[in-house]
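The task is simple: from the sequences and hints, build the whole structure.
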Amino acid sequence: MLDDNIIICRCENLTLGKLRKMLESGMTSMQEIKKECRCTMGPCQGRTCKELIAREISRYTGVSMDELDIPISRAPIKPIPLGEIAERGKQNA
Amino acid sequence: MRNTADVVIIGGGAAGTSTAWHLAKLGVKNVVVIEQNYTPFGGTGRCAAMFRLQFGSEENLALAMLSVSQFDTLQKDTAFSEDLEISKQGYLLTAYDEDALDDMRKNVALQRSKGIDSYVFDSKQCQEVSPYLNTDGIMGGSYCTGEGHINPMRMALAYKQAAEKMGVEFNNYTKVLDITVQNGKVTGVVTDKGTVSTECVVNAAGEYGKYIGRMVGVTIPVEPEKHQILVTEPLEYVGGPMIYSFRHRTYISQVKHGGFLMGWSDPDVKRGIVDFTPEWKFLETMAKKAIEQVPALAKVRMIRAWAGQYGAAPDDTVILGPVEKVKGFICALGCTKATMFAPAIGTLASEAAIGAKSTIPLEPYLLRRFSDGKLVKDPALL
Chain P
1 MLDDNIIICR CENLTLGKLR KMLESGMTSM QEIKKECRCT MGPCQGRTCK ELIAREISRY
61 TGVSMDELDI PISRAPIKPI PLGEIAERGK QNA
Chain L
1 MRNTADVVII GGGAAGTSTA WHLAKLGVKN VVVIEQNYTP FGGTGRCAAM FRLQFGSEEN
61 LALAMLSVSQ FDTLQKDTAF SEDLEISKQG YLLTAYDEDA LDDMRKNVAL QRSKGIDSYV
121 FDSKQCQEVS PYLNTDGIMG GSYCTGEGHI NPMRMALAYK QAAEKMGVEF NNYTKVLDIT
181 VQNGKVTGVV TDKGTVSTEC VVNAAGEYGK YIGRMVGVTI PVEPEKHQIL VTEPLEYVGG
241 PMIYSFRHRT YISQVKHGGF LMGWSDPDVK RGIVDFTPEW KFLETMAKKA IEQVPALAKV
301 RMIRAWAGQY GAAPDDTVIL GPVEKVKGFI CALGCTKATM FAPAIGTLAS EAAIGAKSTI
361 PLEPYLLRRF SDGKLVKDPA LL
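Just so you know, the protein sequences line up as chains P and L, in that order. Quick note: the first sequence, position 50, residue 50 per this note's numbering, numbers continuous. Quick note: the second sequence, position 268, residue 268 per this note's numbering, numbers continuous.
Derived by calculation from the structure, the hints in this document are not laboratory data. A portion of the hints provided could be inaccurate.
Stated by the list, open to error - Simulated pairs of lysine-lysine, DSS-like, Cα-Cα distance not exceeding 27 Å:
1) Lys299/L x Lys78/P
2) Lys18/P x Lys256/L
3) Lys288/L x Lys90/P
4) Lys76/L x Lys18/P
5) Lys18/P x Lys165/L
6) Lys288/L x Lys78/P
7) Lys90/P x Lys281/L
8) Lys289/L x Lys90/P
9) Lys165/L x Lys25/L
10) Lys270/L x Lys90/P
11) Lys256/L x Lys50/P
12) Lys256/L x Lys78/P
13) Lys21/P x Lys256/L
What the hints assert, rightly or not - Which stretches of chain L does chain P cover? Using the computed rule of at least three CB atoms under 8 Å from a CB of chain P, they are:
14) 36–45
15) 276–285
16) 295–307
Claimed, not checked - Only part of the chain L face toward chain P is listed, based on derived beta-carbon distances under 8 Å:
17) Glu82
18) Arg154
19) Leu157
20) Glu233
21) Ala290
22) Ile291
None of these values were measured; they are calculated from a predicted model. Cβ atoms here follow ideal geometry from the backbone N, Cα and C, with glycine treated the same way.
Next comes the structure, spelled out in structure tokens:
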């Protein structure tokens, strides 16, 4: 399809075509899709891609987005340099 | 879900998926895997992604060598579509005092007697293999290149997808409620999605292994123990060994994908509690200890942190094979090493399940060793 080259997860370069292939192979757990291609695990932590991927899975399986195994968002909200974390620790000491 | 099976495997992590694949390879036609969440939800998907050869006991060395030999051909054997990201950059175990270095000399001597290419290094040699390492206070270390990284999430999915192609049935989001036993023999597995009758159950439930044991009246001394890891943004892959420090209770390594994975073992962690909450205390301690060892990491940004559980056994060694009290109940518990020993666990548990000759003697890994007082002693564990 024409839109197969659309990048759906920018951090890990997952394309719509690749996602569709995974779905067609029988992989419909969003958690397993994440574990295979790292989508939602990059610097954006899924803020850009999570809804888009869930919507595609929902479209393919006919299961409502509410019922999908959408991964949780993890701390931190934005990437932090290790040096800043260590400094914050020193202030607390 | 099928209502009858030759073998039911409880757990879809590294141990369970590997056992399923090995059973299918041995020609067992009807294998059913029950997983409470997805592959790999538990320790496998949350671990440090390493496999290791530098052990200090014959028992762990045998499992490590069997596993590494299978990792070498796993990509081809499973025909997995994605890169398993196996890279043998080794571990560099650092020593900050003469006693620690002495222990390493003994371990390396044992490893070399088995044909493992490990070395005792002075601090200058440590710096050569790990140019970003701060060697202040380091007396030396031990190093080996036959070990390294594997992507554990993909490894479990590779085993799963290859096993599925050979007819294994995987059931995600299915909870085991009970195991039925009659006259000392397993007769079936009761789940929230139905009952499977079977004469053989493999307990590959990792950190949940003791709960499965209770269902058949068997005490398994495996306790969940929380451990946390953080990962940084991916940077250009520079390679080099994992830096493993007994002094700091930490490990730091860059995976092939580019991120630096690091973990710290909190000495105050409480065994027996399943807890997936990441803590600030971990981030702060880990960041300080990482920068102390690799100052360049101060400028690198962490992107996520998570918690998983070790399935900790009293001797931190696998529990494999049959259990005397209940016929047809087989253990396949990695006890903190399910990823790195997945090939060996799958090989030995599948052989035990069908009563085939064991590739390596099972005796040291049996559950019975705890009541017999024959624990594995490995001085090379953190």
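Now for the hints, and whether the structure bears them out:
no. : hint               : verdict
1   : Lys299/L x Lys78/P : holds (15 Å)
2   : Lys18/P x Lys256/L : holds (21 Å)
3   : Lys288/L x Lys90/P : holds (9 Å)
4   : Lys76/L x Lys18/P  : holds (21 Å)
5   : Lys18/P x Lys165/L : holds (20 Å)
6   : Lys288/L x Lys78/P : holds (20 Å)
7   : Lys90/P x Lys281/L : holds (12 Å)
8   : Lys289/L x Lys90/P : holds (12 Å)
9   : Lys165/L x Lys25/L : holds (11 Å)
10  : Lys270/L x Lys90/P : holds (26 Å)
11  : Lys256/L x Lys50/P : holds (24 Å)
12  : Lys256/L x Lys78/P : holds (23 Å)
13  : Lys21/P x Lys256/L : holds (24 Å)
14  : 36–45              : holds (count 6)
15  : 276–285            : holds (count 4)
16  : 295–307            : holds (count 10)
17  : Glu82              : holds (6 Å)
18  : Arg154             : holds (6 Å)
19  : Leu157             : holds (5 Å)
20  : Glu233             : holds (5 Å)
21  : Ala290             : holds (6 Å)
22  : Ile291             : holds (5 Å)
When each numbered hint is compared with the structure, no violation occurs for any of them.
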